[in-house]
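Let the hints inform the model, and build the full structure from the sequences given.
Read off the chains here:
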Amino acid sequence: MRHLLSAADLDRDRADSILNTAAQLATLQNRSVKKLPTLRGRTIANLFFEDSTRTRLSFEAAAKRLSADVITFTAKGSSVSKGESLKDTALTLEAMGAEVVVVRHGASGAAHRLAHSGWTQAGVINAGDGTHEHPTQALLDAYTIRDRLCAGAGDLDGLRVVIVGDVLHSRVARSNVILLGTLGVEVTLVAPPTLMPKGVESWPCRYTYDLDEAITGADAVMMLRVQAERMNAAYFPSAHEYSRSFGLTAARAQRLADHGIVLHPGPMNRGMEISADVADGPRSVVVDQVANGVSVRMAVLYEVFGARAQVGAIGNTEVDDFIGGEPDVQG
Amino acid sequence: MSKADVLLSGVRPLNEEACDVWISDGRIRQIGAAGSLVGDRHTVRQDGAGQILLPGLVDLHTHLREPGREDAETIATGCAAAALGGFTAVHAMANTAPVADTAGVVEQVWRIGQATGRCDVYPVGAVTVGLAGEQLAELESMASSAARVRVFSDDGICVSDAVLMRRALEYVKAFGGVIAQHAQEPRLTEGAQMNEGALSAQLGLTGWPAVAEEAIIARDVLLAEHVGSRLHVCHLSTRGSVEIIRWAKQRGINVTAEVTPHHLLLTEDLAATYDPIYKVNPPLRTVDDVAAVREGLADGTIDIVATDHAPHPHEAKDCEWSAGAFGMLGLQTALPIVVETMVASGLMSWAQLAQQMSVQPARIGQVDHMHGRPIEVGEPANLALIDPQKQWTVHPETLASLSRNTPYVGMEMPASVRGTMLRGEWTVVDGELE
Chain D
0 MRHLLSAADL
10 DRDRADSILN
20 TAAQLATLQN
30 RSVKKLPTLR
40 GRTIANLFFE
50 DSTRTRLSFE
60 AAAKRLSADV
70 ITFTAKGSSV
80 SKGESLKDTA
90 LTLEAMGAEV
100 VVVRHGASGA
110 AHRLAHSGWT
120 QAGVINAGDG
130 THEHPTQALL
140 DAYTIRDRLC
150 AGAGDLDGLR
160 VVIVGDVLHS
170 RVARSNVILL
180 GTLGVEVTLV
190 APPTLMPKGV
200 ESWPCRYTYD
210 LDEAITGADA
220 VMMLRVQAER
230 MNAAYFPSAH
240 EYSRSFGLTA
250 ARAQRLADHG
260 IVLHPGPMNR
270 GMEISADVAD
280 GPRSVVVDQV
290 ANGVSVRMAV
300 LYEVFGARAQ
310 VGAIGNTEVD
320 DFIGGEPDVQ
330 G
Chain Z
0 MSKADVLLSG
10 VRPLNEEACD
20 VWISDGRIRQ
30 IGAAGSLVGD
40 RHTVRQDGAG
50 QILLPGLVDL
60 HTHLREPGRE
70 DAETIATGCA
80 AAALGGFTAV
90 HAMANTAPVA
100 DTAGVVEQVW
110 RIGQATGRCD
120 VYPVGAVTVG
130 LAGEQLAELE
140 SMASSAARVR
150 VFSDDGICVS
160 DAVLMRRALE
170 YVKAFGGVIA
180 QHAQEPRLTE
190 GAQMNEGALS
200 AQLGLTGWPA
210 VAEEAIIARD
220 VLLAEHVGSR
230 LHVCHLSTRG
240 SVEIIRWAKQ
250 RGINVTAEVT
260 PHHLLLTEDL
270 AATYDPIYKV
280 NPPLRTVDDV
290 AAVREGLADG
300 TIDIVATDHA
310 PHPHEAKDCE
320 WSAGAFGMLG
330 LQTALPIVVE
340 TMVASGLMSW
350 AQLAQQMSVQ
360 PARIGQVDHM
370 HGRPIEVGEP
380 ANLALIDPQK
390 QWTVHPETLA
400 SLSRNTPYVG
410 MEMPASVRGT
420 MLRGEWTVVD
430 GELE
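Protein chains in written order, with numbering that gives the first Met the number 0: chain D, 0 to 330; chain Z, 0 to 433.
The reader is advised that the hints may include incorrect statements.
[As the list claims (entries may be wrong)] Derived DEER-like restraints, expressed as beta-carbon distance ranges: (1) 306(D) / 186(Z): 44 to 50 Å; (2) 160(Z) / 228(D): 24 to 30 Å; (3) 226(D) / 197(Z): 54 to 60 Å; (4) 367(Z) / 192(D): 33 to 39 Å; (5) 253(D) / 246(Z): 28 to 34 Å; (6) 200(D) / 221(Z): 43 to 49 Å.
Everything labelled a hint here was simulated from the structure, so no lab data went into it. In this text, a Cβ means the ideal position worked out from N, Cα and C, and glycines have one as well.
Here it is in structure tokens:
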């Protein structure tokens, strides 16, 4: 896999393989030394044009646990307002020897453009582009669902997952609809009609405006962050009314299947799309999602580097061997 | 430039029967059966066998960028591109810096155009001061200036205020002007990047819905009817817009409309490349919209083809989609694209092409005393000579524009402009600038 730009880049075998690799890597998290030498001497550039502490830290942790060198570039606002263009930044990082670029950008298609414009030869991983996609988030969500509901392996086929909130502006929703669809999950989108994308009837999922109906008996519900500024653009009248129809309260969460879980990509607006008692309650897997994000991103980095040159295999043997061997002093 | 005393032998005016056309002193001097004319001792004979003679093309919608953005295009380079595209007249849009909203600016553009000599440049005046949509510009002063402005437009920005639009339509009646509207409801298109539909939702690009164009056109034709004035609709792009114009014309409303070559050929799926070379305003639409604008042009609902030639420097396109500028080059590729989409497909004849790329735009722009004239004895020799068989491939670096933002890179064009003549002087010979 040369790049990961969209969840559509992953067929079922590839997605399963990444999730399986991530599961193996997750065992590292229980060790005191959490590092593998796999990408020693290789360089990853983290290119964050948008604020995103959690995704950036997650990719950084993933890269470092594979012993890669990490260059991090962060800039607020658009490339244009900063004066330095995406292109020039790409050229700079290429000159510094970055083989893989992890990019978060406010413009939809920025990762695609970086991969296909000829500005750089690096592999590109999309860490969120505008309102388009966020494929590693979808992978970590799928991983979390599998971990909780399928004993960490096998098949998501036939599970029912409900995605609720600002679907229109959500890259998380887009990537999840694609990836979970690939994995055989029955996805239902729930949003007020104003926040439902045009043409949603052609998406590989169901959609409804009725959260209570959709959530009944579902295996998992994923709550999307709703930004307050959407109110000013008349997408909905008030936080109160939004919350009443589309917020996940404890009472609503009871409609889930008994084993049903609650996901949120963060950061959460407690009291808006999710009530505090649900966010902190037993069904919530929000903290798992963060931990799983590191393993999944390690697996993605491994895949993308694997397409470039020989990278050592990651297996339990290697994990065991390495942990028994010399400590890695690289930072 | 050479003053021509030339006998074009065996050319086919409007693709009709081959004949000889003798041009001297800037006018068509004689027309006779093929092989029948000899000219006089100064006359240069030029074999035109197999070539089609058209009245020089007239573009009602060109961005020449001068003054203000001479890094993107100048009047001279834009006129060179126009001549190579078979044009003898272009209307230069007002969104320059400074804006062409005073007699001084339009006269400057007009004079520089005169000095280049390759193409007549008719400035379009801004409707509102600074294109700000707040206060009418001095329309009468521009109309009575040396530039003789008749077309007024805030192109790039819609005159969205209904009262201001009404007043502008009324005001230009005094001197027979026309308001050319860029139909785009601004609130419905905030941050818009591409046609709104299933694809924009999938790509995560903010949609530019068809209704934002259609709602303004519907309002404006009703305003034009109400005040009894004349409206021209720039670059319409949707099936709904065609239907509204058709309805308005049936009702007797004095409205004309244009479509661009790119909206006749290209569709929204190109946005999936995220390459802003395909970013244009109004955006590329659906296959169904393309079919509708072709039908509308063929049946005359849409009066003319206009290029919306919009040069941009490389850096304005060599970036992510949302940072990219709207617009594409059009002058040198307009004719072959109309040939491809309309003539080769059997939707129109060459005679109709001449109507919609020369005669009608000259009438709408009120330059029909000089351009868009019939190919008849005594008429000014503003002509384009087309080889309908000679194909060529678009290489941006070989285009005459200062900018390179053509969406047709590597595309095969089905016909070539071999010669262009302005008032009896060659501006283009054998496909090269004279």
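Quick rundown of the hints versus the structure:
A beta carbon spacing of about 46 Å between residue 306(D) and residue 186(Z) agrees with the range 44 to 50 Å that was offered as a hint. Evaluation of the 24 to 30 Å hint for residue 160(Z) and residue 228(D) yields a pass: the beta carbon distance comes to about 26 Å. Hint check: residue 226(D) to residue 197(Z), Cβ distance near 24 Å, so the stated range 54 to 60 Å is violated. Judged by the Cβ atoms, the range 33 to 39 Å given for residue 367(Z) and residue 192(D) is violated: they are separated by roughly 51 Å.
The given range of 28 to 34 Å is broken by residue 253(D) and residue 246(Z), whose C-beta atoms sit roughly 55 Å from each other. Checking the proposed 43 to 49 Å range against residue 200(D) and residue 221(Z) shows it is violated: the Cβ atoms sit about 33 Å from each other.
Checked against the numbered hints listed earlier, the structure breaks hints 3, 4, 5 and 6; every other hint is satisfied.
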